[in-house]
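Chains A and B are the protein sequences, given in the same order. Note that my numbering gives residue 1 to position 1 of the first sequence, counting from 1, and the numbers run on in steps of one. Going from the second sequence to my numbering is simple: count from 1 and add 1000.
Hints in this document: simulated from the structure, not taken from any laboratory. All of these numbers come straight from a predicted model, not from anything done at the bench. Glycine residues also receive a C-beta, built at the ideal position from the N, C-alpha and C atoms. Any given hint could turn out to be false.
Stated by the list, open to error - Label-pair distances were calculated between CB atoms; the ranges are:
(1) B:1047 to A:154: 22 to 28 angstroms
(2) A:126 to B:1048: 16 to 22 angstroms
(3) A:14 to B:1070: 17 to 23 angstroms
(4) B:1039 to A:132: 51 to 57 angstroms
(5) A:29 to B:1042: 55 to 61 angstroms
(6) A:14 to B:1036: 47 to 53 angstroms
(7) A:157 to B:1052: 17 to 23 angstroms
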Amino acid sequence: MVEPHHATLTPAVRRYEALYQALVFGKSSWNLDGSTRRNDALDALQLGSRLSDGSVNVGLLTESEWFIRSVHDIIRDFSVSGLGANQTALETVAALQNIIQRDMGSFGRSTLDAVQVYREDSESLTETILTTDLLVSVMHVLLVLTLYIVVFHRMVSVLMRQVRDLLCSATLQCSVCACVCACVRDTMCGE
Amino acid sequence: MFSPFHGGTTNQTQTSDAALHVSQSSTTSLRRRVIGALVFVGLLQCVNVVVGLVGLGDIAARSAEVTAAGRLRMMTHFLAFTTREATIGDAELWSNAEAVALASQRVEE
């Protein structure tokens, strides 16, 4: 037996609405920060804007509410029985025509544009992060080189001097050690 | 009684003590510098980790946004298709339960 339409469509519509709200205003459990007031192009697309010819674009958020309202109209009117596969009868249903026109028209195109703008925004952020990481890495390399000059180079010099002093002044009892030290001493002390 | 040998030994001892003191001071200074350098390198690595984590989190959030926008686009098509099927209501293609269950499954978070 087919379930009533309202019992199955309603959760999907609610999820759709929740996803839209989360995308625009953020929802931490879905790892969405919300795009409001972050990108002007996205704000104009989602929240609406005034066009150059003086007309007003209401934005995807408002259009999605109209879309959802039409879906609720369908759920309310056809939760028990449908009209059948009759194109003429379907064309008389204003809510369905509204949904189809929005899906095929400006609303559908705008949702596709929104995906593109979100992708470009993501790529822009990725480039910024990569540049920042590059700068941080270069700075770290410079600092490590500075540390080498200030500390490590001096440490090696001090250690070499101590080894040279030890070898040049040592009186070793072991014949092997003495032989090795003599060779090193000849090299380091110039004797 | 003054002894030149005794005085020479004292001077040598004092010179040796002074050299030892300078050497110890130099070693202590060097040790401090090395420890400071190691701590500094450790801090640099911590900065690297923090910067990397922040960048990774930002990129993950933006990727989630792109995914959500794509899902919304898909859901728009799906809802339009499903409402048309609901309006027809003959369950010829598939039942509304199957259609909407699939749509809900696709947008499951």
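Structure-based check of all given hints:
1. B:1047 to A:154: 22 to 28 angstroms: Given about 25 angstroms between the Cβ atoms, the range holds.
2. A:126 to B:1048: 16 to 22 angstroms: Given a distance of about 18 angstroms, which is inside 16 to 22 angstroms, the answer is holds.
3. A:14 to B:1070: 17 to 23 angstroms: holds, 19 angstroms
4. B:1039 to A:132: 51 to 57 angstroms: violated, 24 angstroms
5. A:29 to B:1042: 55 to 61 angstroms: violated, 35 angstroms
6. A:14 to B:1036: 47 to 53 angstroms: violated, 59 angstroms
7. A:157 to B:1052: 17 to 23 angstroms: Since the Cβ atoms of residue 157 of chain A and residue 1052 of chain B sit about 36 angstroms apart, the hinted range of 17 to 23 angstroms is violated.
Hints 4, 5, 6 and 7 from the list above are not met by this structure, while the remaining hints are.
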